[in-house]
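*Asks:* Please put together the full structure from these sequences, using the hints given.
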Amino acid sequence: MASLIPCPHCGTRPRQEFSVRGDATPVRPAPMAADEVWNDYMHVRANPRGRIREHWQHIAGCRRWLVVERDNFTHEVFSVSDASLEQGGAR
Amino acid sequence: MAYDYQAVHALDGTIGAISERRANHLAVHRATAIAVVLAAPGQTAEAAGILVANGEFEARFSGPGEWLILSEVHAPETLCAELSVRLGDFAFVIDQSHGRVALTLAGPDAARILANGIAIDLHADVFPVGRAANVLCNHLSVNLARTAADSFDLVVMRSFAEALVDDLKTMARSHELSVDFATR
Ligand SMILES: [Zn+2]
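Sequence order for the protein chains is A and B. If you're matching positions, the first sequence starts at 35 in my numbering and goes up one per residue. If you're matching positions, the second sequence starts at 22 in my numbering and goes up one per residue.
Calculated from the structure, these hints are not laboratory results. Possibly wrong hints are sitting among the right ones.
[Said to hold, decoys possible] From chain B, some residues computed to sit far from chain A (all C-beta separations above 10 Å):
1) G109
2) H119
3) H144
4) A145
5) D171
6) S172
7) M192
8) S195
[Unchecked claim] Estimated spans, in silico, between C-beta atoms of each pair:
9) H144(B) - W72(A): 15 to 25 Å
10) P60(A) - A23(B): 48 to 58 Å
11) T168(B) - P42(A): 18 to 28 Å
12) Y24(B) - P42(A): 41 to 51 Å
13) F113(B) - D69(A): 36 to 46 Å
14) T168(B) - F112(A): 30 to 40 Å
15) P65(A) - E98(B): 40 to 50 Å
16) N137(B) - P60(A): 33 to 43 Å
17) D171(B) - N73(A): 50 to 60 Å
18) V54(A) - N137(B): 23 to 33 Å
[What the hints assert, rightly or not] Covered by chain B, according to a simulated footprint, are these stretches of chain A (three or more residues, beta-carbon under 8 Å):
19) 69-77
20) 84-98
Here a beta-carbon is modelled for each residue, glycine too, at the ideal position from N, C-alpha and C.
*Replies:* So, in structure tokens, the structure goes:
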């Protein structure tokens with residue numbers, strides 16, 4: 035089951051259908067925030083082992099951006115949701 | 022300066038002229054009218070209601086608020102005009118008739134052949150007649166729809182059509198498969 039991602043729109047799919055953008059936890063700073071804050075947001079990443087939240091796009095399926103919560107050590111997937119829900123999106 | 026444009030199918034010259042039709046057959050459609058419909062923000066349910074299957078066209082799910090519309094009775098121009106009138110402000114309509122190629126794979130081994138390159142469960146209980154989905158077929162993203170127990174439609178981007186047909190031939194190597202343009 036390691037390489038299967040349950041897309042909320044398409045059902046269970048192999049990870050080859052997806053493209054990973056990366057960490058979904060950084061929050062975009064205000065436009066006039068200090069350079070150090072922007073530097074952190076742009077370039078500084080933690081490298082945790084365990085449960086992480088990432089942005090994945092279902093490229094070969096619904097093409098929606100998803101937030102995937104998974105364990106990067108065991109590859110267990112805990113939750114997958116449409117990224118627009120995080121922003122209170124229109125769909 | 023005036024140009025004479027000729028409509029050339031993406032697979033012209035690569036398939037056709039088969040000597041016999043085999044148990045499983047891949048038919049390539051020459052002139053299916055195809056459109057993509059994207060629901061306006063917050064109007065998915067309204068657009069879906071308008072697109073409910075009728076005799077003129079068929080809507081295939083491709084993503085939330087997004088459908089592929091196929092029609093054998095409309096020409097590309099009339100399909101888009103018809104959809105635009107019906108959908109009004111509920112959705113956006115884009116003609117894809119010359120941008121995609123529609124194929125039908127039918128035969129007793131159709132699901133087995135597809136399973137050699139597509140990683141979704143194709144059992145009739147899970148993927149029943151009328152169901153459609155965007156799936157990865159080897160390296161190509163295609164829209165797959167089940168049209169009967171042993172018949173599937175595939176819609177692929179025009180420039181990938183030749184590669185998809187080659188892939189399907191490979192996937193069908195241990196089954197009997199013939200490939201030709203559809204006649205109607
Ligand atoms: Zn999906």
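*Asks:* The structure should be examined with respect to each hint, and the outcome stated for every one.
*Replies:* Hint-by-hint comparison with the structure:
Distance check on G109(B): its Cβ is at least 18 Å (rounded) from any Cβ of chain A, clearing the 10 Å threshold; non-interface status holds. The claim that H119(B) lies off the interface holds: its Cβ sits roughly 21 Å from the closest Cβ of chain A, which is beyond the 10 Å cut-off. Look at H144(B): its CB is around 13 Å from the nearest CB on chain A, clear of 10 Å, so calling it non-interface holds up. At the 10 Å boundary, the C-beta of A145(B) stays outside the reach of chain A, the nearest C-beta of that chain being 15 Å off.
Against chain A, the non-interface label of D171(B) holds: every CB pair exceeds 10 Å, the least being about 22 Å. Every beta carbon of chain A lies more than 10 Å from that of S172(B), the smallest distance being close to 21 Å; the non-interface claim holds. Non-interface call for M192(B) relative to chain A: holds, since the shortest CB-CB distance, roughly 16 Å, exceeds 10 Å. At the 10 Å boundary, the C-beta of S195(B) stays outside the reach of chain A, the nearest C-beta of that chain being 22 Å off.
At roughly 51 Å, the beta carbons of H144(B) and W72(A) sit outside the given window of 15 to 25 Å. Restraint check, P60(A) to A23(B): a C-beta distance of roughly 56 Å satisfies the suggested window 48 to 58 Å. T168(B) and P42(A) have their C-beta atoms about 26 Å apart, which keeps the hinted 18 to 28 Å range intact. Our hint of 41 to 51 Å for Y24(B) and P42(A) holds, since their Cβ atoms are close to 47 Å apart.
Between F113(B) and D69(A) the C-beta distance comes to about 40 Å, which sits within the given range of 36 to 46 Å. At about 37 Å, the beta-carbon gap between T168(B) and F112(A) stays in the expected band of 30 to 40 Å. Checked against the hint of 40 to 50 Å, the pair P65(A) and E98(B) passes, with Cβ atoms roughly 46 Å apart. Between N137(B) and P60(A), the C-beta spacing of about 41 Å keeps the proposed range 33 to 43 Å intact.
Judged by the Cβ atoms, the range 50 to 60 Å given for D171(B) and N73(A) holds: they are separated by roughly 59 Å. For V54(A) and N137(B), the Cβ-Cβ distance of about 26 Å falls inside the hinted range of 23 to 33 Å, so the restraint holds. Counting residues of the region 69-77 of chain A whose CB falls under 8 Å from any CB of chain B gives 0; the rule of at least 3 is not met. Using a Cβ-Cβ cut-off of 8 Å, 6 residues of the region 84-98 of chain A lie near chain B, which meets the minimum of three, so the contact claim holds.
Violation of the numbered hints given earlier is confined to hints 9 and 19; the remaining hints are satisfied by the structure.
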